[in-house]
Each structure stands twice: as structure tokens, then as C-alpha cells.
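Colleague: Using the hints, position chains R, D, A, E, S and B against chain C.
This is what each chain is made of:
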Amino acid sequence: MSKINFKPNEDRVLVEPAEAETKTASGIIIPDTAKEKPQKGKVVAIGEGLKDKPVTVKVGDNILYGKYAGTEINIDGKEYLIMRNSDIFGTI
Amino acid sequence: MSKINFKPNEDRVLVEPAEAETKTASGIIIPDTAKEKPQKGKVVAIGEGLKDKPVTVKVGDNILYGKYAGTEINIDGKEYLIMRNSDIFGTI
Amino acid sequence: MSKINFKPNEDRVLVEPAEAETKTASGIIIPDTAKEKPQKGKVVAIGEGLKDKPVTVKVGDNILYGKYAGTEINIDGKEYLIMRNSDIFGTI
Amino acid sequence: MSKINFKPNEDRVLVEPAEAETKTASGIIIPDTAKEKPQKGKVVAIGEGLKDKPVTVKVGDNILYGKYAGTEINIDGKEYLIMRNSDIFGTI
Amino acid sequence: MSKINFKPNEDRVLVEPAEAETKTASGIIIPDTAKEKPQKGKVVAIGEGLKDKPVTVKVGDNILYGKYAGTEINIDGKEYLIMRNSDIFGTI
Amino acid sequence: MSKINFKPNEDRVLVEPAEAETKTASGIIIPDTAKEKPQKGKVVAIGEGLKDKPVTVKVGDNILYGKYAGTEINIDGKEYLIMRNSDIFGTI
Amino acid sequence: MSKINFKPNEDRVLVEPAEAETKTASGIIIPDTAKEKPQKGKVVAIGEGLKDKPVTVKVGDNILYGKYAGTEINIDGKEYLIMRNSDIFGTI
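Chains as they are written, first to last, in this note's numbering: chain C, 1 to 92; chain R, 1 to 92; chain D, 1 to 92; chain A, 1 to 92; chain E, 1 to 92; chain S, 1 to 92; chain B, 1 to 92.
Next up, chain C with everything else stripped away, as it sits in the complex (with noise of 0.2 Å):
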């Protein structure tokens, strides 16, 4: 994860998503077209926070978040999600 240049505004959260599984636990294979979409990331950018919506999650935290959370973006030909900080679950 190199530093990223972007800065989130307000109480928003870049967030780098994991890679999909490509094998079960079992060690199947799994297609792509079968592949979920995952929900587990890292957080990239940070915003300031609002006044009483203060952000709650570091630059490095592996989080999780809900299956709609967040839009994507590109950055530097990247896709990554910005979401506000109360879209997250919480850190593992």
C-alpha cells in the first residue's frame, strides 16, 4: 500500500477493497463470474471529520463494510471505495 494522493472530505473513508477469494477454504477454485464481491478493506485516506461525525478509523485499519457501502472510484487507474465512516462495521 503506497501513500495515496488523496485526501477525503469531510467524514469520508478511502478505502483499498481485498482482493476476492480465489480458492475455498477447502482449496476449490473459484471462477470469477462466481467470485463475491468482498466486503473487507483497507483504509487509505482519512477525511477531517465533521464536528459531531468524527472519524473513527485509522489509515492502515482492515475494516468491514456493508455489501452496498461506499462508490467506487478511480485514483491513478486504481479502483478504490470512498464511503462516509459510519458505513463501517467495524476493524479486524
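Please keep in mind that the hints were generated in silico from the structure rather than gathered at the bench. Even for Gly, the Cβ is constructed at its ideal location relative to N, Cα and C. Don't take every hint at face value.
[Said to hold, decoys possible] Lysine-lysine pairs mimicking DSSO-like chemistry, simulated, CA-CA at most 30 Å apart:
#1 Lys40/E / Lys40/S
#2 Lys51/R / Lys53/A
#3 Lys58/C / Lys7/B
#4 Lys51/R / Lys51/D
#5 Lys40/D / Lys67/D
#6 Lys7/B / Lys40/B
#7 Lys53/A / Lys42/B
#8 Lys42/B / Lys42/C
#9 Lys53/A / Lys51/S
#10 Lys67/A / Lys40/A
#11 Lys53/E / Lys42/E
#12 Lys3/S / Lys40/S
#13 Lys7/C / Lys78/B
#14 Lys42/R / Lys78/D
#15 Lys7/D / Lys40/D
#16 Lys67/A / Lys7/A
[What the hints assert, rightly or not] From chain D, some residues computed to sit far from chain R (all C-beta separations above 10 Å):
#17 Phe6
#18 Glu10
#19 Leu14
#20 Ser26
#21 Gly27
#22 Ile29
#23 Ala45
#24 Glu48
#25 Lys58
#26 Asn62
#27 Gly66
#28 Lys67
#29 Ile73
#30 Thr91
#31 Ile92
Modeller: Chains R, D, A, E, S and B only, in chain C's frame:
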């Protein structure tokens, strides 16, 4: 209930749902398809709370919650529910 | 009404609904299928309240509430209603 | 209007609706089926109010309210309306 | 405009709607069915206001309001509109 | 722009919409039916504002606003728009 | 980017959208009809902000925003987007 490697965000609570009943009160075995999703569980991790929305349950509390409360999340291969503190009806 | 092993969360109130009337005022027996779900009950447990939403009823109060107020929950094999304090119309 | 055994909750007000008119202004008798539900009533009991929503009417006040204001409740065999203070248009 | 026996509740305002125009500007008589409901009126009574919603018009003010503002109420056989202060566009 | 006899209520602003353009930039005459409703206007009167919603434009300001902002009102035979301060995009 | 004659109202921000890409990363020319509306732009003017909604970007900032953020407005014959500060995802 072993210690879990997950810290809920904001006013969220991580819940381990109780096993579905396998017998009725009178001892009749309930087939899998007829088992009701239980609405009872144990709190396994809690968030820090928000300024006006403190978390009011503790780790280890047995709780009741609504049929549609929370979102299922998988942590270390086990299914949990992540919900907001206010989705919890009370403790038993 | 024995002491119940349940502590409502936040501004919630646990209510034991009154039995449905089995006779009309004039003494006619009402068949089961025509019995109206009563909207009267007794408070059996109360939450701590929220900062701006205190609980304003006490355990033992007889209350009236709306037809669709609350959610049924089963505690120790008995049906109760769990509702928010503001769903209660008043005490009789 | 005898004293009623009911204490409204929060900012609620218990209202005894006025009798529907049985004659038009010019003296014609209105059949039961054509009677309009009156939107006039007398305050018979008031709640303590909420912090930012005080009750602004008094017991005994004659009030006007909207056609769909309140919920009918039966107390001691008599029909009343229970409504929030802000549903009341004003006093006459 | 005689003194009216009605006190609006909270931030409500009682308005006597202006008569619908019976002639066009150029003197043509408008048939009853084509008359537009006027959106102009005179304030005849005002409420005390709410803490954060003071009443900002005075009795006697001529006001303009939206086509669907307020509710018609009949007081002493005369039709008025009861509306919230914020439904008033301004004074003329 | 002569002084207008209208005082907007609360955080409202009275706007005199600009005339629809009759020619394109290159001088072609636009037929009446193709004229776009302009979204530009001049502030002719302002309200006192609300506690947390001050009016931030002045009489005489040229403003831009959204296509569906405001309500048309007729004052002394002339069409204006009455809108809330927050409907104004900015001043030019 | 020359100085623009427009002052956004409240917490609004005026944005000059980036030109749609005319080539793919690998140099292939993209036909006009296939060009995606860019979601990148430069801040050209900012409002004063609201009490609880300060503007958190500066004139000259390069920003990313959502596909449906803002409203197109034409100033001096050029297309801009006017959006609220909170519609901005972040700065690059």
C-alpha cells in the same frame, strides 16, 4: 465464546446468534426447514458509542432483538450479526 | 405478575397485554375468532431511557397503546410486547 | 364532563369529541348516515409534555382539530380521541 | 373584520381568505366556476409560537400564501384557513 | 426596478426573473415557444431570516437559481418568484 | 482558469469539470459518444459556508465527486457545476 478479533465501529454491537431450537418445548424434534431464525444472542464485542448514542449493553450480555435486526458478517469462518445498539430490545 | 428476567434497552418498555375480553358488556360470549386484540396492558419492565427520551411510565402501570404498537417477544414461554415509551398513549 | 381516570403520556391530550350536529343551521334534521364526524371537542386530560414540546392547552378547553387527528380510544365504555398537542388547531 | 373567538395553537395563524375576484383587470365578469381560489388573506388570530418557530406576522397583516397552504375550518359559520406561520410567503 | 410593496416571510426571498433571451448569442431570433425559462433574476425583497437560516443575499443582487426553485406569485399584476434563501445557487 | 464573476451561496461550491478523456490510457481515441462524463473538476469559487456546514475545499483544489452531484449552470457562456460541499468526495 472465545475472544473475537473484531472491534465494532461507532454504536455497533457484534452479536453471536443463539442456535435455533431443535426441539419444541414438549420434546418434538423440529425439522431444519421449520426452524425459526432465533432472535436471541450473546454480545461478543461493542463499539465506543457515539456522543448521543452510547452503547448500553456489555460483552457477554444475552439479548433479544428484532427479526430483521442487523447484518450477517462472517469473521474467521463464523457467522455473526452486526447491529446498532438501538436495535437491541433488551437483555435477559 | 411475577418478577420478569428481562431489562428493556434504552427507552423501551415491556408490556404484558391484557387478556382479550371473552364477553361483551351485556354478557354475550365473544367467540375466539371475533376477539379483538386488546390495546391495554401492564408495564412489567422499563429501560433506563435515553437522554432526551426518558421513560415516563412505571412498572405496574396499566397502559393503553396503539393497535400496531410494539413487537411481540416471547420470554420464558409467555408473550409480551416490547415498545418504545412514546408508543404509550397513557395510563389508566 | 366527569373526572376521567386516564393520564395521557408525554405531549398527548385526551379529547372528548363534540356530538355530531343533528340539525342543520336552518333546522333540517340530518340523518345519521350523513352526519359529519365533528372536529370540535373538549380537552379532558393532558400529559406532562416533552422538553421541547410542552402541552399548550388546559383541561376544559374547547378545541378544533384536523379531520384525521388522533386515535379513538375507549375508556370506561366511552369513545375519546387521544392526540398530540401539535395536532390541535386552536381553542375556541 | 370583527374580533374572532379563536386562539390558534403553537405557531399557527388563522387567516380570512380574500374574496375571489369577480371581474378581470379589464372588467370582464368571471363566472363562479372559473374563479380561482385566492391566495391572499388577512391574519385574524395568531398563536404564541414555538421556541424555535416564532410567529412573525401580526393580526391585521395582509398576506400571500401557497395554493395548498392551510386547512379550512369553520368558525361561527364562516370559513377560515388555519396554517403554520412558515406557510406564509410574506406580507403586502 | 421600483420599490415593491411586499415583505417576504422568514428566510424567503422575492425574485424578479430575468427576461427570457430573445436572440441566441449569434443573433438568431428565438421563437417564443422555444424560449427557455431563465434561471437568473434580481432580488427585490428579502425576509428577516430564521435563527439558523439567515438570508445571505441583498436586495439588488443578481442571482442564479434552480429550474424548479420557488413559487410564482403575482404582486400588483407582475409575476415574481418567492423562494427560500437556500434555493439560491449564488450571485453574479 | 480566469477569475469568475460568481459567488456561490451558503455551503455551495462552483466546479469547472475536467475535460472528458479523448484517448484511453493505451492511446486509443475515444469517440465523442462513448466519452464518460468526468467526475473530476477544479474548484473555481466557494460560498461562505453555513454555521454547521463549513466549506472544506479551497479555490483551485482538484476534486472528485459523484456521478450525479451538482447542477449544471452556465456562466458567461461556459458550463460549470454548482454543488454542496458535502457532495465532494475529496481532493487530489
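Colleague: Determine for every hint whether it applies to the structure shown.
Modeller: Status of the hints after comparison with the structure:
The suggested pairing of Lys40/E with Lys40/S holds, with an alpha-carbon distance near 26 Å, which does not exceed 30 Å. With a CA separation close to 23 Å, the supplied pair Lys51/R and Lys53/A stays within the 30 Å bound. Only pairs whose Cα atoms come within 30 Å are accepted, and Lys58/C paired with Lys7/B is rejected, the gap being roughly 36 Å. Between Lys51/R and Lys51/D the alpha-carbon distance is near 11 Å, which keeps this suggested pair within the 30 Å criterion.
For the hint pairing Lys40/D with Lys67/D, the CA-to-CA distance comes to about 10 Å; that is within 30 Å, so the pair holds. For the given pair, Lys7/B sits about 21 Å from Lys40/B by alpha-carbon distance, which is consistent with the 30 Å threshold. For a cut-off of 30 Å, the pair hint linking Lys53/A to Lys42/B is broken: about 46 Å separates their Cα positions. Among the hinted pairs, Lys42/B with Lys42/C is consistent with the structure: their alpha-carbon atoms are about 28 Å apart, no more than 30 Å.
Note on Lys53/A and Lys51/S: the hinted pairing holds, with a Cα-Cα distance of about 19 Å set against a maximum of 30 Å. For the hint linking Lys67/A to Lys40/A, the alpha-carbon distance of about 10 Å falls within 30 Å, and the restraint holds. The straight-line distance between the Cα atoms of Lys53/E and Lys42/E is roughly 20 Å, inside the 30 Å bound, and the hint therefore holds. Among the hinted pairs, Lys3/S with Lys40/S is consistent with the structure: their alpha-carbon atoms are about 20 Å apart, no more than 30 Å.
For the given pair, Lys7/C sits about 28 Å from Lys78/B by alpha-carbon distance, which is consistent with the 30 Å threshold. About 21 Å separates the Cα atoms of Lys42/R and Lys78/D, which keeps this hinted pair within 30 Å; it holds. The straight-line distance between the Cα atoms of Lys7/D and Lys40/D is roughly 21 Å, inside the 30 Å bound, and the hint therefore holds. A threshold of 30 Å between alpha carbons decides the hint, and for Lys67/A with Lys7/A the separation of about 24 Å falls inside it, so the pair holds.
Residue-level check failed: Phe6/D sits 5 Å from the nearest beta carbon of chain R, not beyond 10 Å. Consistency note on Glu10/D: stated as away from chain R, yet its beta-carbon is not over 10 Å from all of that chain's, at 6 Å minimum. For Leu14/D, the non-interface assignment is contradicted: its Cβ lies about 7 Å from the closest Cβ of chain R, within the 10 Å cut-off. With a least CB separation of 39 Å from chain R, Ser26/D remains clear of the 10 Å interface cut-off, as annotated.
Its beta-carbon lying about 36 Å from the closest one in chain R, Gly27/D satisfies the requirement of being farther than 10 Å from that chain. Interface exclusion of Ile29/D from chain R stands, the closest Cβ pair being 30 Å apart, more than 10 Å. The non-interface label for Ala45/D is inconsistent with chain R: the shortest C-beta to C-beta separation is roughly 7 Å, within 10 Å. Against chain R, the non-interface label of Glu48/D is violated: not every CB pair exceeds 10 Å, the least being about 7 Å.
The Cβ of Lys58/D sits about 17 Å from the closest Cβ of chain R, beyond the 10 Å cut-off, so the non-interface label holds. Every CB of chain R lies more than 10 Å from the CB of Asn62/D, the least distance being 21 Å, so the non-interface label holds. Its beta-carbon lying about 18 Å from the closest one in chain R, Gly66/D satisfies the requirement of being farther than 10 Å from that chain. The beta carbon of Lys67/D sits about 19 Å from the closest Cβ of chain R, which is more than 10 Å, so the claim that it is off the interface holds.
Against the 10 Å criterion, Ile73/D falls within the reach of chain R, whose nearest CB is about 6 Å from its own CB. With 10 Å as the threshold on Cβ separation, the claim that Thr91/D sits away from chain R holds: the shortest Cβ distance comes to roughly 21 Å. Listed as outside the interface, Ile92/D is consistent with that label: its C-beta sits roughly 24 Å from the nearest C-beta of chain R, beyond the 10 Å cut-off.
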